[in-house]
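Number of protein chains: 2
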Amino acid sequence: MAINDKVTIIPLGGLGEIGKNMTVIKVNQDLLIIDCGLMFPEDEMLGIDAVIPDISYLTENKNAIKGIILTHGHEDHIGALPYILKDLSVPVYGTRLTLALAQNKLKEQAIQTNATFHALKPREIEKIGPFRVELLRLCHSIPDSAAVVIHTSAGTVLYTGDFKFDQTPVDGQLSDYYRLSQLGEKGVLALLSDSTNAERTGFTPSERALYEKIEEIFRLSKSRIIITTFPSSLYRIQQTFWVAAKYNRKIAIISKSMRNVLDVAYQHGYLDVPPGLLVDPEQWQQIPNNEVVLMTTGHQGEPLSALTRGSWGDGRQITYQRGDTVIISSNPGAGNQKTIARTVDALVRMGADVYHESANVHVSGHASQEELKMMLNLIKPKYFMPIQGEYRMLVLHAKLAKELGLADENIFILENGQVLEVSSQKGAITSKVTAGRILVDGLGVGDVGNIVLRDRRQLSQDGILIVVLTISKETGQVVAGPDMVSRGFVYVREAEELMEEAKIKVKQALEKSDERKATEWAAIKTNVRDVLSKFLYEKTRRRPMILPIIMEV
Amino acid sequence: MAINDKVTIIPLGGLGEIGKNMTVIKVNQDLLIIDCGLMFPEDEMLGIDAVIPDISYLTENKNAIKGIILTHGHEDHIGALPYILKDLSVPVYGTRLTLALAQNKLKEQAIQTNATFHALKPREIEKIGPFRVELLRLCHSIPDSAAVVIHTSAGTVLYTGDFKFDQTPVDGQLSDYYRLSQLGEKGVLALLSDSTNAERTGFTPSERALYEKIEEIFRLSKSRIIITTFPSSLYRIQQTFWVAAKYNRKIAIISKSMRNVLDVAYQHGYLDVPPGLLVDPEQWQQIPNNEVVLMTTGHQGEPLSALTRGSWGDGRQITYQRGDTVIISSNPGAGNQKTIARTVDALVRMGADVYHESANVHVSGHASQEELKMMLNLIKPKYFMPIQGEYRMLVLHAKLAKELGLADENIFILENGQVLEVSSQKGAITSKVTAGRILVDGLGVGDVGNIVLRDRRQLSQDGILIVVLTISKETGQVVAGPDMVSRGFVYVREAEELMEEAKIKVKQALEKSDERKATEWAAIKTNVRDVLSKFLYEKTRRRPMILPIIMEV
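Chain order of the listed sequences is A and B.
For the record, in the first sequence the residue sitting at position 177 is 177 according to UniProt numbering, with numbers rising by one throughout.
For the record, in the second sequence the residue sitting at position 134 is 134 according to UniProt numbering, with numbers rising by one throughout.
Source of the hints: derived by calculation from the structure; they are not laboratory data.
Cβ atoms here follow ideal geometry from the backbone N, Cα and C, with glycine treated the same way.
Don't take each hint at face value.
[Said to hold, decoys possible] A short list of chain A residues far from chain B (calculated; beta carbon distances all over 12 Å):
#, residue
1, K26
2, K62
3, D171
4, F241
5, K256
6, D272
7, Q321
8, K382
9, E403
10, T540
[Said to hold, decoys possible] List time: in silico DSS-like cross-link candidates among lysine-lysine, alpha-carbon distance up to 30 Å:
#, chain 1, residue 1, chain 2, residue 2
11, A, K473, B, K503
12, B, K382, A, K534
13, A, K86, B, K222
14, A, K86, B, K534
15, A, K507, B, K473
16, A, K507, B, K382
17, A, K256, B, K534
18, A, K213, A, K186
19, A, K534, B, K473
20, B, K402, A, K222
21, B, K213, A, K399
22, B, K382, B, K402
23, B, K121, B, K186
24, B, K222, A, K399
25, A, K534, B, K107
26, B, K512, A, K473
27, A, K213, B, K373
28, A, K473, B, K505
29, B, K539, A, K107
30, A, K107, A, K121
31, A, K473, B, K507
32, B, K473, A, K503
33, B, K62, A, K539
In isolation and in its complexed conformation, chain A is listed as follows (with noise of 0.2 Å):
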């Protein structure tokens, strides 16, 4: 065997968490990057818009990046594009409809790049670099969803990215069964497969079950029909469309980032528009009640901030009225259960109908472990990976595959930034590279780290309390203050009695200071703090944050 008898697989993120994935498989020294997907925020990211993996370990090695390949459109593969093209320039390959979808990202928030875009069609191997790489159709909640097939000389790799085994997909392309199974016959050395439904039992309901239950709603609604879902939901609103038309409703796409992504749908033929379906968001009012759906989404994406707030994505306001009917059609995913339900609870009281989880207004995207079984029996791997999941989910995962019978040994649980070599002899974790993630908030791109996210978890808890003193230079005499000010501790017009008797307390922390020559500002700073904190938990069993600032004159 030569020097590139072996692969090498890095995933940089995807792994004990849902979103941000991406893995780089790496064959001599040449790299090839598998999606660019950000992670939205969890509840403690205070403040955070977006989290996209560290990339530490790709710009140390720019030059042996041989280019980006997406398996389809979503924003947690996708997401981070943006961000990542800024450092890195190399030619990103996808599907048709998926590069459309990176390339509306880009232009949507104006980042310019000399990377050029490959559209490659599924089954056709394209060379990028020393990789043969091949796009294959599997099924997912959006059309043009591929697997990644990798042929290296030691091997084939297959990446499933997002996918589930719908029998019935709504535009008809049915998983590539036969492409899978001879490449599981002709023996695949890795299989890296998505296990964000690891926990689900049976199979996945298809796409188009929701295609009756639109029908139902839409049959059962006398007034205006409103709905709230992804925009790159587009099976989805593809079927929404259909029964719209059947019913003789017109639609008017409120928020402009999902007109520009059925726009980019349109476009390329991904999307079937029955003809005067669509209105002007603008004209929407001078339709009759039962006679207009209005769809929208909200911030980022997410489906329901544009409900709970009562506003739409682009700050126009909506009031619901008695007779309203509200599909809330949003993945109903750990973590946003009470903000639905709080929404729901709105909306049920302005007299609206609401149909949500409990509904079956939503079916996943993903693979449950029937399916995830099957996959692993059509492709026959020597090596398994699983991908995509929190980590009970990739144990969960594992465990599938080993009582199918895959050696205990030839399963590898890696955690981001592990670095897994496989050959036709042996498979091991062999090393560990950078990954983690880099926090987006605004403009700015990793500013925000680990203290600046206690700060804020701090303040969120009991706010803070400002002391300035004002000494002079050449006496070292307290001039003016201490004063106080405080935000988000107590009210103060309702806290007066302590503030003051706060003050006392700093100022005989200071005569005391003073006594003992302790003229220098870090000593006095933590003397008020240490008074001050002892003082107010004694008080009001809180702990906010304490900021003493000293001025010079």
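Fit chain B to the known structure of chain A by using the hints.
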């Protein structure tokens, strides 16, 4: 008919929400309070420990209050008692265990009160002012739960509290079907019934269903078993005791608050503790792993917090080991799924076998739709008011009553504070009294309001930037500053340039102010805030709180 031909019902908590249950029954000028609960804070109530009902209406009518009657010993029914009894010294009634738990709460919080406590037996009628009050056994997840029946000259009101129709209750104490149906036969003026599970079809399983599940887990476990649950889930704890004894394991109750609650239950004969079962919580490490069970809860009775922090309620640490079995038996209520998922993930990573929601180690303590219908059919009330639930649940419960034949005009969905008057002739919402939420933060009750919360929210999103200036009293000139300090905004070492630019902006703004002789502080502050806010948003797309402070020397 005399002046007392009507009963007035005033909910002060528990409507449109889960928790802080409190309802006032009024006849003539006399008031009787049912329950006195707290609510755990919602996510957006940053830093808040608990929420209690606004009792302005009660303090304004102090002398009219004849007593407080409690349905059962859970936080959402007795948790506000320590706060309320500070202001109102009135007799408290309830079943024996409920009263003992309420008194334990007062003791834990070191509350002194002159209030007297009166234990009532089920079916025993007690005269409290003009009210003839009776408690009736209803099954729930804690022993000694009861409905409150209030007999007045204008008719009978029945308040269910929390209940389910458990056919095999752990302590053998069935719901009092005879007395319920007898009341129904004689005629009940108004039924106020629990809506918590109005969204669930069918029947809720018996608490006893957990026994087999717990036993199976014990049978499979080969090392330590760690159980986290609410201290007040007494039936669940009882069954765990029985299973542990059967499998010859010792139990260490790690959390102090749980030990207190179990002590109370044991002392009053509501907990069967097999001899030799319990061991000193300090001593468990001397017991072999496969012979020990650790039970705990966390802060505020929230079972997860001990696990997520990797520490126990009283500060001691536990290191999880490969082979540990962890049972998370908490209420998978809206809002904590994400926390549960993250906890399970961390435990699986450490090698533990984890049983949680999906493993059926929790059953609800609340009646599902068929049981709610049964309650309505047993009582056959003239008027019906769904209580204890979010708005959509109240609406669904009302719909169930309508389906059973109750007239629309006899069903009342109220908001907290609305006043419902019912008599044999008619029922109507007639007015509104003060009702609302009082936030408890540390020792402060009600001193955190909307302004403080709004500030905490802003601080949590983008942090704070403080600008300090010292101005000469005589000349009106800036003699020191502007100095800037930020917290939670950007990591300052990475943003020195930004801060320098910002300082220049402030100086420019001040010079302009100076020219216009705008020596008024408020004007200077507004000017600084506007200039900085605009500048920082342009540069960072963030909106930190900007706090200008001016010192005078």
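Right, here's what the structure says about each hint:
1. Interface exclusion of K26 (chain A) from chain B stands, the closest Cβ pair being 26 Å apart, more than 12 Å.
2. The Cβ of K62 (chain A) sits about 23 Å from the closest Cβ of chain B, beyond the 12 Å cut-off, so the non-interface label holds.
3. Every CB of chain B lies more than 12 Å from the CB of D171 (chain A), the least distance being 33 Å, so the non-interface label holds.
4. Interface exclusion of F241 (chain A) from chain B stands, the closest Cβ pair being 29 Å apart, more than 12 Å.
5. In this structure K256 (chain A) is separated from chain B by more than 12 Å, as the shortest Cβ-Cβ distance comes to about 18 Å.
6. Residue placement check: D272 (chain A) keeps its beta carbon more than 12 Å from all beta carbons of chain B (closest about 35 Å).
7. Here Q321 (chain A) stays apart from chain B, with its beta-carbon at least about 17 Å from theirs, past the 12 Å limit.
8. Every C-beta of chain B lies more than 12 Å from that of K382 (chain A), the closest at about 26 Å, which supports listing it as non-interface.
9. Listed as a non-interface residue, E403 (chain A) keeps its Cβ farther than 12 Å from every Cβ of chain B; the least gap is roughly 17 Å.
10. For T540 (chain A), the condition that its CB be more than 12 Å from all CB atoms of chain B is violated, with the nearest at approximately 5 Å.
11. For the suggested pair K473 (chain A) and K503 (chain B), the alpha carbons sit about 22 Å apart, so the restraint of at most 30 Å is met.
12. Between the alpha carbons of K382 (chain B) and K534 (chain A) the distance comes to roughly 58 Å, so the proposed pair goes past 30 Å and is violated.
13. The straight-line distance between the Cα atoms of K86 (chain A) and K222 (chain B) is roughly 54 Å, outside the 30 Å bound, and the hint therefore fails.
14. The suggested pairing of K86 (chain A) with K534 (chain B) holds, with an alpha-carbon distance near 26 Å, which does not exceed 30 Å.
15. Distance hint between K507 (chain A) and K473 (chain B) is fulfilled; the C-alpha atoms sit about 22 Å from each other, no more than 30 Å.
16. For the hint linking K507 (chain A) to K382 (chain B), the alpha-carbon distance of about 68 Å lies beyond 30 Å, and the restraint is violated.
17. In summary, the hint linking K256 (chain A) to K534 (chain B) is supported, as the alpha carbons are separated by about 25 Å, within the 30 Å threshold.
18. Between K213 (chain A) and K186 (chain A), the direct Cα distance comes to roughly 42 Å. Violation of the 30 Å bound is thereby established for this hinted pair.
19. For the proposed pair K534 (chain A) and K473 (chain B), the alpha carbon gap of about 34 Å is over 30 Å, so the pair is violated.
20. Only pairs whose Cα atoms come within 30 Å are accepted, and K402 (chain B) paired with K222 (chain A) is accepted, the gap being roughly 22 Å.
21. Restraint check: the Cα-Cα separation between K213 (chain B) and K399 (chain A) comes to about 22 Å, which is no more than 30 Å; the hinted pair holds.
22. As the CA atoms of K382 (chain B) and K402 (chain B) are separated by approximately 12 Å, the hinted pair is consistent with the 30 Å bound.
23. Straight-line distance between C-alpha atoms of K121 (chain B) and K186 (chain B) comes to about 22 Å, which keeps the hinted pair within the 30 Å bound.
24. Distance hint between K222 (chain B) and K399 (chain A) is fulfilled; the C-alpha atoms sit about 20 Å from each other, no more than 30 Å.
25. Taking the CA atoms of K534 (chain A) and K107 (chain B), the gap is near 25 Å; set against the 30 Å cutoff, the hint holds.
26. Between K512 (chain B) and K473 (chain A), the direct Cα distance comes to roughly 28 Å. Compliance with the 30 Å bound is thereby established for this hinted pair.
27. Among the hinted pairs, K213 (chain A) with K373 (chain B) is consistent with the structure: their alpha-carbon atoms are about 28 Å apart, no more than 30 Å.
28. Taking the CA atoms of K473 (chain A) and K505 (chain B), the gap is about 26 Å. The hint holds against a cut of 30 Å.
29. As the CA atoms of K539 (chain B) and K107 (chain A) are separated by approximately 20 Å, the hinted pair is consistent with the 30 Å bound.
30. For the suggested pair K107 (chain A) and K121 (chain A), the alpha carbons sit about 24 Å apart, so the restraint of at most 30 Å is met.
31. The hinted pair formed by K473 (chain A) and K507 (chain B) meets the criterion: a straight-line CA distance of about 22 Å does not exceed 30 Å.
32. As the CA atoms of K473 (chain B) and K503 (chain A) are separated by approximately 22 Å, the hinted pair is consistent with the 30 Å bound.
33. With a C-alpha separation of about 29 Å, the suggested pair K62 (chain B) and K539 (chain A) falls inside the 30 Å cut-off, and the hint holds.
Going through the hint list in order, the structure does not satisfy hints 10, 12, 13, 16, 18, 19.
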